[in-house]
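Protein chains: 2
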Amino acid sequence: MPETFPPPEASRPTMIDVARRAGVGLGTVSRVVNGGHGVRDETAQRVRKAIDELGFQRNEVARALRPGKKSSSLALVLGDLTNPFFASIAKASLEVAGQSGFAVVLGSVDEDPEGEKRAIQELVSRQVAGLMIVPDQGDHSFLAGAGVPVVFVDRPATGLDADIVMVDNEGGGRLAAAHLLAQGHRRIAILLAPSYYTTGRRLRGYRRAHREVDATVDESLVIQLPEGNAEAAEKATREVMLRADPPTAIFASTNFLTEGVLRALRELGREPAVVGFDDFRLADMLPTPVTVVASDIAELGRSAARLLLDRASAADRRPPQRIVLPCALIQRGSGERPPDSAGNRKPR
Amino acid sequence: MPETFPPPEASRPTMIDVARRAGVGLGTVSRVVNGGHGVRDETAQRVRKAIDELGFQRNEVARALRPGKKSSSLALVLGDLTNPFFASIAKASLEVAGQSGFAVVLGSVDEDPEGEKRAIQELVSRQVAGLMIVPDQGDHSFLAGAGVPVVFVDRPATGLDADIVMVDNEGGGRLAAAHLLAQGHRRIAILLAPSYYTTGRRLRGYRRAHREVDATVDESLVIQLPEGNAEAAEKATREVMLRADPPTAIFASTNFLTEGVLRALRELGREPAVVGFDDFRLADMLPTPVTVVASDIAELGRSAARLLLDRASAADRRPPQRIVLPCALIQRGSGERPPDSAGNRKPR
DNA sequence: GTAAGTCTTGGAAACGTTACCGTCCAGGAG
DNA sequence: CTCCTGGACGGTAACGTTTCCAAGACTTAC
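Keeping their order, the protein sequence lines are chains B and Z. Residue numbering for the first sequence follows this note's numbering, starting at 10 and increasing by one per position. Residue numbering for the second sequence follows this note's numbering, starting at 10 and increasing by one per position.
Don't read these hints as lab results, they were simulated from the structure. For glycine and all other residues, C-beta sits at the position ideal for the given N, C-alpha and C. Incorrect hints may appear among the rest.
Stated by the list, open to error - Some chain B residues flagged as far from chain Z (calculated, every beta-carbon gap over 12 Å):
| id | residue |
| --- | --- |
| 1 | R29 |
| 2 | E62 |
| 3 | S134 |
| 4 | Q192 |
| 5 | V231 |
| 6 | P347 |
Claimed, not checked - Facing chain Z, from chain B, some residues (calculated, C-beta under 10 Å):
| id | residue |
| --- | --- |
| 7 | S39 |
| 8 | A71 |
| 9 | P76 |
| 10 | S80 |
| 11 | G110 |
| 12 | L115 |
| 13 | K126 |
| 14 | V133 |
| 15 | R272 |
| 16 | F289 |
| 17 | R290 |
Unchecked claim - Computed, partial: chain B to chain Z, Cβ under 8 Å:
| id | residue |
| --- | --- |
| 18 | A96 |
| 19 | L103 |
| 20 | A112 |
| 21 | D148 |
| 22 | L295 |
Given the sequences, and given the hints that come with them, work out the whole structure.
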């Protein structure tokens, strides 16, 4: 059978091909490709012409092989991309990196902390120029010797003092609780995903808000969930609302938790005040629009990428930076219900 | 001896270091690292010991430099990760690729089709083993000579006959329209994002459903939006509902469009039947839970990754594959409203 | 007119890996 | 005892780029 098809493995032209075609040396081509300093204009023209004609494109892999040169990729390690929170970070950091000609390699870690370590090392072996990590629990000191700059996103990691970008969790927690307390609520349940750093800080803010108005926290309303998903929150909400002394307000410390809370409340037909942490799509479209404490998640990703690019390009030896983004309260209705509406059956 | 401080710029050990430490040749180390065939067991042990002691990890960049060897990364090029549709694809393909030891490099393309081409070429220059592309409009024939396997996701591209994974758009469109027609609706508006391939197919299904029950399509209800976002859909919905002869049902051909439709309807206080294409989070929690035509988006991503891995590893020379996933109707309420409820003011 | 620069340019050495080609040794066959 | 076979291993040449060094061409200053 005749091979009329385009050659299946058309090897792409290299700098050597370009050099031959332009009648110059290899070094000259390289110089032209990298900004063209120290090359006569006329020569540079000839080289560029050859590049166009051959459709040459620099082989980034070979480039990254040279010592010192890291590849022009950043790595982003995070959990479930299906969570809009993570998706926003990914999108924003991708944008910033892209503007500087950097690609982003993704590592997913839904799994164990061991899986995270493996994923990170895989990425390091790909010679990425830097790592953005939304860390799970577990020690990250193994990164110290990797010789790669690291930026932690959303929460710090133990064992490594690196740059970090996060939101003002304590301030946000305080904001949410203070808002509810100001409406007269004194029995405010707080739902916490298990052992996340952020969760602890939000709880701290919640406690501080109580102290500030001399209210005592009923510890039985501080609810540590076994898992950080909507189902766990739904179950916990059901249980706490069916107690003899239910809360008059609920503070869900995570977007997925908020969803679970709302599910349970709809099912029960109860309407305590609800404030969520992190905004989410359609929050304003629900039967009672949901009041949330929100921050600029995209900025989280953008800052992380910017910070990492600085570290990667310049020999940026400043001490680890710490960027904290503010939170704001967005009142939509669910957080403004008065205490006495909590037990009411929802009118249907 | 205690290594108190990891050297700040400890250059990572290479195979040569391992070879020296194990007292073997370079080739032997390589053989051990790649499965260890043709190496005596005792020797392999020694090498493995040295690897552990030094914390050696293969430099993937150098490996990928060798001719024929592509890097163990796949590229994924898609639009806004903030769209749960794209996020699901990304997550699923990431998972599958990860299981085979492949990383995924992301290219975002919110921009022009020219930006897409640039992004793709950037990724190709990184010697990825394959490309998964959710193509924008525009010609993709420039990929033909790249020597890299390509899988298109969600929609085909012009100019290149490659593998493709997509959902049964026409079937889904038909399903949605048929469902509405079966309830007696005869004036069904369809909102279409501009010039997407999928959009055209969904419209085709919509028309087919009409033909099947001998209903005629009022062409003024086939609404081409100037943009594919919620705002455009909201505006269009407002306009069409305020006409003298408004539709009794609306088919929103995209998840974001559905959101816009719902926003407009809430504002207007009107309740025509609504069916959306693609499921979305909280669809069941809205005042009237939203009926949708849904498909397994994650499977879209998984299939794409699997297909690409096959092409990349084996010299898979089968003709281009074409995988079409089915759609299913999920009835939740908004799609089951009868025709005469459309003009009703919403009780408040 | 010569010395000392400056600007351009070509060539070669690396980077860390894999693939190939030998060499060496052991053991079996003749 | 020799020859051959085959497995185990060491060495080296790539892969495509960047960087360094040296050499040539040309300018400037004395």
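Cross-check of the supplied hints:
1. The Cβ of R29(B) sits about 19 Å from the closest Cβ of chain Z, beyond the 12 Å cut-off, so the non-interface label holds.
2. The Cβ of E62(B) sits about 14 Å from the closest Cβ of chain Z, beyond the 12 Å cut-off, so the non-interface label holds.
3. Not every CB of chain Z is more than 12 Å from the CB of S134(B) (nearest about 5 Å), against its label as outside the interface.
4. Interface exclusion of Q192(B) from chain Z stands, the closest Cβ pair being 24 Å apart, more than 12 Å.
5. The claim that V231(B) is not at the interface with chain Z holds, since no C-beta of that chain comes within 12 Å of its own (minimum 26 Å).
6. At roughly 20 Å, the least C-beta separation between P347(B) and chain Z is larger than 12 Å, which holds for a residue marked as non-interface.
7. For the restraint placing S39(B) at the interface with chain Z, the shortest Cβ-Cβ distance is roughly 15 Å, beyond the 10 Å limit, so the hint is violated.
8. Taking 10 Å as the C-beta contact cut-off toward chain Z, the hint placing A71(B) at the interface holds, the least distance being around 6 Å.
9. For P76(B), the interface hint holds, since its Cβ comes within 10 Å of a Cβ in chain Z; the closest pair sits about 8 Å apart.
10. Interface hint at S80(B): satisfied, since its Cβ lies 6 Å from the closest Cβ of chain Z, which is below the 10 Å cut-off.
11. Because the smallest distance between the Cβ of G110(B) and any Cβ of chain Z comes to about 8 Å, under 10 Å, the interface hint for this residue holds.
12. Hint status for L115(B) relative to chain Z: holds, with the closest Cβ pair at about 5 Å, below 10 Å.
13. Taking 10 Å as the C-beta cut-off, the interface hint given for K126(B) is violated, the closest approach to chain Z being about 12 Å.
14. For V133(B), the interface hint holds, since its Cβ comes within 10 Å of a Cβ in chain Z; the closest pair sits about 7 Å apart.
15. Checking R272(B) against chain Z by beta carbon gives a least distance of about 7 Å; that is within 10 Å, so the hint holds.
16. Hint status for F289(B) relative to chain Z: holds, with the closest Cβ pair at about 8 Å, below 10 Å.
17. The closest approach between the C-beta of R290(B) and any C-beta of chain Z is roughly 7 Å, which is under the 10 Å cut-off, so the hint is satisfied.
18. Because the closest C-beta pair between A96(B) and chain Z is about 5 Å apart, less than 8 Å, the hint holds.
19. Checking L103(B) against chain Z by beta carbon gives a least distance of about 5 Å; that is within 8 Å, so the hint holds.
20. Because the smallest distance between the Cβ of A112(B) and any Cβ of chain Z comes to about 5 Å, under 8 Å, the interface hint for this residue holds.
21. With a cut of 8 Å, the hint placing D148(B) at the interface with chain Z is violated, because the nearest CB-to-CB distance is about 14 Å.
22. Restraint check, L295(B) versus chain Z: the minimum CB separation of about 6 Å is within 8 Å; hint holds.
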